[in-house]
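Protein chains in written order, with my numbering: chain A, 9 to 323; chain B, 9 to 323; chain C, 9 to 323.
Source of the hints: derived by calculation from the structure; they are not laboratory data.
A hint or two may mislead.
Same chains, same names: a pair is fine if it fits in one copy or spans any two.
[What the hints assert, rightly or not] Each computed EDC-like pair below joins lysine to aspartate or glutamate, with the alpha-carbon atoms no more than 16 Å apart:
1) K297 x D273
2) K83 x E139
3) K45 x D34
4) K186 x D95
5) K20 x E236
6) K171 x D77
7) K30 x D230
8) K173 x D273
9) K10 x D230
10) K23 x E260
11) K233 x D204
12) K32 x E236
13) K40 x D124
14) K170 x E139
15) K201 x D230
As the structure is a computational prediction, the values presented were derived from the model and not from experiment.
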Amino acid sequence: MKHFTRLSDVKKPQKLLKNALKLKQDPLASQKLGKNKTILLLFFNPSLRTRISSEKAALNLGMSCIVYDASQGWKLEFEQGAVMNIDRAEHIREAAGVISQYADIIGIRTFPSLTDREKDYADAILYQFQEYASVPIVSLESATRHPLQSLADWMTIEEFRKKKKKPKVVLSWAPHPKALPQAVSNSFLEWMKVADVDLMVTNPEGYDLSPEFTAGIPIEHDQRKAFEGADFIYTKNWSSFEQYGQRLEVPEDWTITPDKMKLTDKAYFMHCLPVRRNVVVADKVIDSKRSLVLHQANNRTYAAQAVMQEILKSL
Amino acid sequence: MKHFTRLSDVKKPQKLLKNALKLKQDPLASQKLGKNKTILLLFFNPSLRTRISSEKAALNLGMSCIVYDASQGWKLEFEQGAVMNIDRAEHIREAAGVISQYADIIGIRTFPSLTDREKDYADAILYQFQEYASVPIVSLESATRHPLQSLADWMTIEEFRKKKKKPKVVLSWAPHPKALPQAVSNSFLEWMKVADVDLMVTNPEGYDLSPEFTAGIPIEHDQRKAFEGADFIYTKNWSSFEQYGQRLEVPEDWTITPDKMKLTDKAYFMHCLPVRRNVVVADKVIDSKRSLVLHQANNRTYAAQAVMQEILKSL
Amino acid sequence: MKHFTRLSDVKKPQKLLKNALKLKQDPLASQKLGKNKTILLLFFNPSLRTRISSEKAALNLGMSCIVYDASQGWKLEFEQGAVMNIDRAEHIREAAGVISQYADIIGIRTFPSLTDREKDYADAILYQFQEYASVPIVSLESATRHPLQSLADWMTIEEFRKKKKKPKVVLSWAPHPKALPQAVSNSFLEWMKVADVDLMVTNPEGYDLSPEFTAGIPIEHDQRKAFEGADFIYTKNWSSFEQYGQRLEVPEDWTITPDKMKLTDKAYFMHCLPVRRNVVVADKVIDSKRSLVLHQANNRTYAAQAVMQEILKSL
């Protein structure tokens, strides 16, 4: 594996999944692999789970980890040929080239604008870093995907799917007071396509995700109908893709409640966190024994570690 | 020791003191103890001494240290049952649960509101973290106490008390341009009760600390009288407890001056820092040979190390 | 070497240069030297290269590195005898004294005010830290100098000068939308005086640097004339020294263009970064094969490492 920004970067996803589950059993097994290697984590946006689990993963592999908050540094320019006479002090070409000389792997978090769909969906910042860097790039969530989250989610589903051959996994939209990216949801669908599950999306009209990610997956606009017989309810808010970045009015109540969970086949509740309690999900659901949110967060460490391990081996 | 948030968390305070003084002689003695362990330091408020001495203490014990500035992350909700539809993106329940999976010990700094006395004195943020975390919690200063500071102060008094059996220790209020927490002062009194000293507090009328901390300790409103025969003058500003969080007008001059120090029995001057020179204390006092402020700061490393060491041993 | 703040702190600059070039060949050669030593990097201003390359250098030497962003902490007072009753919570005397007890070396970045020339050129903050600290101080760029950059630049010139005995090195001013410090330029001239080069400065009238740094170096106000026969064009913007901190209007175009580079003897292009593309330098120049900007940035690690190594040996 050279880079880790999307599913297609991974040659054998099933093998990566197995390695992640294996590392969870023995996190320090490869502690010599990262000796004298450095990963730099570059954050253009806030982070709790990704920030800490990635640093922990690096430590487990014996790597050094340098965390760099982009707000500490120079404002970056991403346009080619720009005449940089306003406020952006450094071009991505220099930034990526320079950092590559100080680190063996670069992790980057960069959120979408939610205003320019074309640019967001080209994931311009992430892929410009990849272009101008000379070392592997790991996405710590980009404008359109969050593959470390998806791998951790897949691990969680594998751990709890025991009883069923092809569990029904429903990605359900839920309300939120702010317009949020589509990255976690896009990425979840992308990775679930290679998991052995029966996948469905449910969201209000106007909230259909990009066809690039929903192709071949049934979209159900009746949430209650979608929940019937579900084994996993994966919940996430996202802003509209069609009316890009907008929060459209939704007349019905889409919050995940105990009432709705009763429609499922005793489904597990999943969410990537952070989550707005009693807006996205009722306390009674997230605090129930069938809530997997802490399991998912825990798996973030081993997902990151499996990815870093595979990259380290290829250096 | 499970947690370290107040004196009552410590079974044998005298033993902890001795360990801290011993570690000062040989800081790297337990460097293998922390191998493959991680402490996460979570700051809701600014810090210099605590931030650096705690990281140094962790390094001395061979631990990894992850520093997390809460302002980098999601704004936290602390109310149970809250409908989180405004600006707080993550509930303490998830934050504490998640971080517990990435770290073996969590250190937390959280200052009081100075507006809601009941909530501040319940130390709600600290103890909610303790409730929802699954790993030990170390206070890096909470709304009501600063036990790492108190242990370092106690070490300092032990080192300089040589001549006297029961030295007179005076906690003196001093002026300050801002309303400050009562935590350092509360905590100092709490810990001095188990030190073998003759303890007194002096502060202007209206500035008496909470009876929870002053019970059994004489309060003298005449600063000069309190200073007579003192061996240690521990200085600190605090806002009013009675008129909670207020800066009440004080007609007399409470700054620590050479003139006042002459009333003592050649007392040492102590302050936890940061200190407002020529407001809290005159340059001539803090720059004198009897000023212990740098000694106190130095002891912060070994106090933190003794606490982490005891917690590591109990894991 | 006790401190590293300017050329005169270095007894044998040529030896330091050789050590830096040697470390570049084998960065992990002295990995045991820094065991159980800690460097603290204190930033009063933003940084990318210095921040990361210094941490990398410390890791290569086996040291622990604590990064402290001064904006996280208490606002510092630098005036002696100040009555600290406004917003500055801690005096440099305490801050420097305290940090010295937690770290074996302290690195400091502190930019000039660009309003008070006398104070800036006394480098008051840096040298007060040096005065009140009890451990070695390394400048991570001060008000008047950036010696780690200069050492890395010197390394780069040594690596690329092969053909010529005494290459012509031209420091050229270039335009910039903001008023910038003179530190990099001052420092470059200071260090080039001990390099075996033919040195010249070119800048518009009104932009002559401090005579302290330009003494004995020809200043040419005609940029094209200066470029004739040059082997290295070192470009940098700086604000006026005479009309201190001002951005004076410059009628001619001082941007570094392919056209101007043709006047040179196939000169290499150098810049310390970050650089404003198409303001300071045209894309075609910085993207050409004769651009050394990434080489310079790479050498920052080994320059820092050579300095830290020499200080560690003297501890």
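A quick look at each hint next to the structure:
Taking identical chains as interchangeable, the C-alpha atoms of K297 and D273 lie at most 16 Å apart only when both belong to the same chain, with a minimum of 14 Å there against 64 Å between chains. With identical chains, the CA atoms of K83 and E139 are never at most 16 Å apart, being 19 Å at best within one copy and 34 Å at best between copies. Taking the closest pair of Cα atoms, K45 and D34 come within 16 Å of each other only across two copies (14 Å); inside a single copy the shortest separation is 21 Å, beyond that limit. Taking the closest pair of Cα atoms, K186 and D95 come within 16 Å of each other only across two copies (9 Å); inside a single copy the shortest separation is 28 Å, beyond that limit.
With identical chains, the CA atoms of K20 and E236 are never at most 16 Å apart, being 33 Å at best within one copy and 58 Å at best between copies. Neither within a single protomer nor between protomers do K171 and D77 lie at most 16 Å apart by alpha-carbon distance, with minima of 43 Å and 42 Å respectively. Proximity of K30 and D230 under a CA criterion of 16 Å is satisfied in neither setting, with 39 Å inside one chain copy and 67 Å between copies. With identical chains, the CA atoms of K173 and D273 are at most 16 Å apart within one copy only, with a shortest distance of 14 Å there and 72 Å across copies.
With identical chains, the CA atoms of K10 and D230 are never at most 16 Å apart, being 41 Å at best within one copy and 49 Å at best between copies. When the C-alpha separation of K23 and E260 is checked against a cutoff of 16 Å, the pair qualifies neither within a copy, at 42 Å, nor between copies, at 62 Å. When the C-alpha separation of K233 and D204 is checked against a cutoff of 16 Å, the pair qualifies neither within a copy, at 22 Å, nor between copies, at 71 Å. Proximity of K32 to E236 under the C-alpha cut-off of 16 Å is found in neither arrangement, the shortest distances being 32 Å within a copy and 63 Å between copies.
For a Cα distance limit of 16 Å, the shortest separation of K40 from D124 qualifies neither inside one copy, at 44 Å, nor across copies, at 51 Å. In the homo-oligomer, the alpha carbons of K170 and E139 never lie at most 16 Å apart, since the shortest distance is 41 Å inside one protomer and 31 Å across protomers. Within a single copy, K201 and D230 get their C-alpha atoms no closer than 22 Å, and across copies no closer than 65 Å, so neither meets the 16 Å cut-off.
Checked against the numbered hints given earlier, this structure breaks hints 2, 5, 6, 7, 9, 10, 11, 12, 13, 14 and 15; the rest are met.
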